[in-house]
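Asks: Sequence:
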Amino acid sequence: MAGHNDENRLHTLRHAAYVAADVRAMERPLLENGVPLMRMAATAVAHTVADLLDAEGMALEDARVTLLAGAGDNGGDGLYAAAALAGNGAAVTAVAVGRTIHEEAFAAFVRAGGKVLILDPASEIPGCSAGFSAGEAGERLQAAVELARHSHVIIDAMTGIGLSGTLRGIAGTMAASLGVDGTVPDRTALPDGDTAGEFPFVVAVDAPSGVGMDDGAITGPYIPADVTVTFGALKPCAILPPASYACGKVTLVDFGFDIDGHAPLVEVVSGDNASEAIRLPRLADTKYARGVTGLITGSVRYPGAAVLSSRAAAATNVGMIRYMGPERTRSMVLAAVPEAVIGKGRVQSWVVGSGVPDGAADEDDMDVQRQTIAKLLSHYAVGEDAADPDLAFEMPPVVVDAGALDLLPDEVPPQVVVTPHAGELAALLVDRGEDVDAHDVQLEPLRWAVRAHELTGATVLLKGAVSIVVGEVEDANDDDATVRPTVTGGGVDAQAARRRTAGSLDGDEADDIEFEGAGDAAATAGGRVRILVAGRAPAWLGTAGAGDVLAGMTGALLAQQDEDASIVETVADAAYLHGYAAAIASASDQRGFNPPTVYGTAPSRSVGSLGHPIVASDVVAAIPAAFHKLLS
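Counting from 1, one number per residue, gives the positions in the sequence shown under full-length UniProt numbering.
No lab work stands behind these hints, which were simulated from the structure alone.
Do not take every clue at face value.
Just the calculated beta-carbon pair ranges, DEER-fashion [to be verified]:
no.	residue 1	residue 2	range
1	ALA25	THR219	21 to 29 angstroms
2	ALA25	ARG168	26 to 34 angstroms
3	GLN142	HIS612	19 to 27 angstroms
Capping the alpha-carbon separation at 25 angstroms, the derived lysine-lysine pairs in BS3-like fashion look like this [to be verified]:
no.	residue 1	residue 2
4	LYS344	LYS287
5	LYS629	LYS287
6	LYS375	LYS344
Keep in mind it's a predicted model, so treat the numbers as computed, not measured.
All residues carry an ideal CB built from backbone N, CA and C; glycine is no exception.
My request is simple: use the sequences and hints to build the entire structure.
Replies: Listed below in structure tokens is the structure:
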């Protein structure tokens, strides 16, 4: 295995995930050179099981272990691990869910004293009887389920990275009987990915059987794991929700893959990444040089959102905020943020829509905030409906949240950032002809976030315990640059250069836009999709107003960036900062995504804190502390 002293490489291994085809390509040279990857994987699985039992005070010779073994190499990994456990005294039964099995690993398992239960009447496993009746097949299946349920540990080695689509057949029936069928895992959010500690523990070999390996989707039955032991490199299912919620604690066995020749499909934002997005104060700074964020948020119906988004933006390192809204919200914002400037003026970013009623709630189009936002967003239209397509690329970044999402033009440049939750994303997609609902988005969030980006051109921040950010970046003009795996779908083919331009706007003068350096921006073809996730937030953040805070923070972070900064990276960094502030406010060590432990390194033994409930205002109050910790 590779040494653990290369910090940059280890950081990448713990925060980036590669599609299954690339993982196979990375392991091929090692296999050709005779490196015993299967034995190495099996050893790690066996040690993990033994450590789990030891932590519960159970001796290995007193343990009952059930292995669910598939026909491929994943089943071979499990069989060699089961052989090691049986050889050290555990009572291990292998349940063969396919017609064949890895013969050498199976022979080692039998020699170690393991027992086997065959479920397929058409089995071709050497030395095992087959051809039993359908009635007996049903009895065997029920016996296997009961055996697993009464085990201390279930080792899930049914499919591995070879699965494509929904888990079916005997493996699907086992997963549906022992696990969950087509819904998001519903478990208490504990620090460090811990679970309730009840038998049987589930240890997944490489990945839980039934989850979408390359997209993190859940479309059928699967078995949620307490621990997943994965090999060589992370797969997207270990990072992307909802599959990542089914992985439990993840242990990565570093095989020493050459990862430099492959671009990850998805990357996780870390504190190091987020700290780089924070603009440090400069000697000659003025309030304008530090960035100005304009907000059209809140409404007569929902005035609190104006206060939360304004307070959040003001606390996120900008020099000034400008607020626009009706008299009631203006008064509330000034009371909460006396530093705010009311009315139009130059800005480097906009935040619109938080606390603004959507079209269904404002059927008569009477809400003044919606009218103002609609006029502003009309300047971001590109494509056939654009009055001035060049103008759209010269506009400052805008965060479009909540009630403004249905005002989004059909096609926009990538400095337009939409921040929906699952239900809002579904509504945006339905308006564009897709047949999808909130439940579909929850089960396949990457698919639908990418689709929303393809249809609109906007940078998409899909909010959740692990938030997904999808946007376009320019291709490097470098022959040596690695090629990122293609995301399904056509996508838009225009990428606007980031420009620090400025708009000027108030309710009756929304068409009067002032610019600095107008005409300086140019669209460039050939962008590629980038996928990032932010999973720093504790589950306590699922509270009213949290999205308003995120919108304000995102707009403020966008306002302070240099002109060559990546929109998609800045948005993901904002989501990380938002989650980190929530973690500080709630005093919680729990988070949506926990980086894996690298096998062979000393795991952290500290007991994390579950923390305590918070409200959105607590998150705003913790923003300065989050900045301080990231910069110190």
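Asks: Given the hinted pair LYS629 and LYS287, is their Cα-Cα distance within 25 angstroms?
Replies: It holds: about 23 angstroms lies between the C-alpha atoms, which stays within 25 angstroms.
Asks: Is the Cα-Cα distance between LYS344 and LYS287 25 angstroms or less?
Replies: holds, 16 angstroms
Asks: Between LYS375 and LYS344, is the straight-line Cα distance small enough, at 25 angstroms or below?
Replies: holds, 14 angstroms
Asks: Indicate whether the distance between the beta carbons of GLN142 and HIS612 respects the range 19 to 27 angstroms.
Replies: violated, 44 angstroms
Asks: How does the Cβ-Cβ distance of ALA25 and THR219 compare with 21 to 29 angstroms: does it lie in that range?
Replies: Roughly 26 angstroms apart at Cβ, these two residues keep to the hinted range, so it holds.
Asks: Note whether the CB distance of ALA25 and ARG168 lies within 26 to 34 angstroms or breaks it.
Replies: Check passed, 27 angstroms falls within 26 to 34 angstroms.
Of the numbered hints stated above, the single one contradicted by the structure is hint 3.
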